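Chemist: Build out the structure end to end from the sequences listed, making use of the hints.
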Amino acid sequence: MRKWLVAVLVSIVVVFALGQKVTIIANAIKGGKNTQVVDWFEKYIPEIEKDLGIKVELIQTGIKDEDFKARIVLDIKGGGGADILWIDGFWVPEFVEAGYLRPIDDILAEIPAWKYYYDSMKAMGSYKGKTYLVPASTDVRMIYYNKELFKKAGIPVPWQPKSWEDIIKTARIIKEKLPGVIPIQLNAGTEMGEATTMQGFFMVLLGAGGNLYDWQLGKWIIKSSALRDTLNFYKQIYVDEKLGDAALQMSPGAREKTFELFRQEKIEMYVEGTWFYTSVLNPNNPSWGLPDRDERIGWAAMPGRGKPQDPEFVSISGGTGFAVNVNCKNPKLVAEVLKRLLYVEPQLSYFQMKPFVSPRSDLADSCWTVNKDKFIAETSRALVKYTTFRPAFPVYPEISFQAQLLTERVITGQMSVDKAIEEFAKEVTKIVGKENVIEKP
Amino acid sequence: MKRSLMGRKVIVFFLIPALSLIFVFLILPGVWVLKIGMTNETLTGAKARNPDFVGFENYAKVLSDRFFYNALRITLLFVLGSAIIGQAGLGLSLALLTYRRRRLKSFIQSVVILAWIIPEVVVAYLWIAFLDKDYGTLNMLLSAIGLRKINWFYEHPLLTIIVFNVWRGTAYSMLLFSAALETIPPSYLETAEVIGASSWRKFKDVILPNIRSYILTDLILITLWTFNVFTPYLLTGGGPSFRTELLSIYIYRTAFRYFKLGYGASIATVALLVNFALAMFYLSLSRRKRT
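Protein chains in written order, with my numbering: chain B, 1 to 441; chain X, 1001 to 1291.
Source of the hints: derived by calculation from the structure; they are not laboratory data.
Small disclaimer: the values here were computed from a predicted structure and weren't measured.
The C-beta atom is built at its ideal place from N, Cα and C for all residues, glycine as well.
You can trust all of the hints, since none of them are fake.
Under 7 angstroms between C-beta atoms, here's a sample of chain X residues computed to sit facing chain B:
no. : residue
1   : A1046
2   : N1151
3   : Y1154
4   : P1240
5   : S1241
6   : R1257
Residues of chain X placed beyond 12 angstroms of chain B at every Cβ, according to the derived structure:
no. : residue
7   : M1006
8   : L1034
9   : L1076
10  : S1286
11  : R1288
Modeler: Below, the structure written as structure tokens:
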């Protein structure tokens, strides 16, 4: 009995001593959400394991971004979690404030590729003077459309709206000529979470010259004519003319449902990010991919409202990247793994599987010259000059929720536009305090 | 004084395992929730690391929170509709219907219990498949007979989860009432029959007085269970637009989607008090009966 116990204990100790392990968590799952990310890891992990003589484990989760965030937060708060966290860049400030991330400036010193990252991307991953995130990719936002359906409805392609009115006019034609097809998907409501704020709300608000945050004054904007027009645009689409499906926005799993409807050619126009084209619709995605995506799907820049002082086109960018868990036991090994993942060769391979707007100059050059990915090259060239970033302060998620609620209240008809803005102003003031808000004409 | 079966020491000894379990898994977390509920602790941001003690501030906020009142209202409607009227009402009807009819009873009991024992996630998928707007069985049937397809989860969300929960939970009440009916001495009903009492009079004057305490037991249990149930989340996620956001779902959303742990804990405490009040109400009813 005793011998047996000793044998077990010894083998446990041996396994712990020899089997050094680095774990990585990403919101990706084979055959589902971000399936390309899993394929990529499966291609490179064995090499890294052999090279370093350790075990590298990828934890797959294909769930809603909000649920993914909750999982990571609870993992870390509980004293555990994966070593390398592939997370959304705008979570960095609130995670850092909570003490969940390890500053990685020392790790980055070991990574030769770091010098190629653009400053704006470095800024996305840093907070209060320290770096916490290596950006993996960034993106831009636009309107996707189904060319075949446009042709059926007699709308000439390529199509490029110049104002909100152009979008409405096109949507009306679709509604009339193609019954059963939802003319436009502009994300709204709390069910869609951050996808509502980024893909929907911000894309409209920016077009009216508005924003959630005044960068010069450092205050949150609670009322403005741009905000009012934004909500009226939502109202026109979802309530007045029923050019979008309000019920769909509120249903559980709404985002995945809209992907499915777009794949089935039951949605014509869809405002989304780079990811939508390169991952969701990617022919190699078994869930929502379109085999003839390149021929069937077109894109247009999102126009401004159309008044003389408004921006011509708008876009907003986010991005994901690698952060390191504060509970990480072996930063040296993590540095070695990260270094190898960020070599040019795996990065180019990742690009081929799931093209992205590159956060670093060496890749950007080789992407555009070596790979000639038409979509990335064209969207980057057209939209990067218009793009902007979120005010990703620790308090941002709460404001973002209020913005989602704002769209929800308007498209369900629960509140008038003015009433909804009143509520929004009240709640945001409560969250950040009277001294940190401003009303604009 | 009655002589007990075992000595005091033996009783204490046998109670220790149960009490320690209750202490570790019920009392301790309860106190913990009370404690967190008095802080502004969050799961991310600076307050995750250094939460402040805010006393009863959270509770004041709960009482002026429109989402809280929305959730409370929906929960009470849900309890009334699905537990009291639905499960208890239907359970009693089924028990009466199958009283003394062996074959019918075993058939109906099997069907109803089946709905009760299937795992929750499976049940949720079954119901989504049944009620889906485009592909759901129900809408297929409706359109086959020429009726309009109905988006159940959007147009009648509360009704949907109430019907769902009645379907899901009637078995318990039915079993309890069936057993209760068996305790009525047959001679009572036979006598009533001989003197020519109507069905209603038999129910009102013979059956009801005999099973009253069972009804109260059933109501107290299913009310508390239903009040804290979370399964509808799997069907509607609390939506559309918070129209099925039960108190339990609101607590979950506050604490684990918006990461306001302290505030979520304070809502949970208020929910606990409401539960307590409901339990007290039923207990007072049963006490009044005895005197």
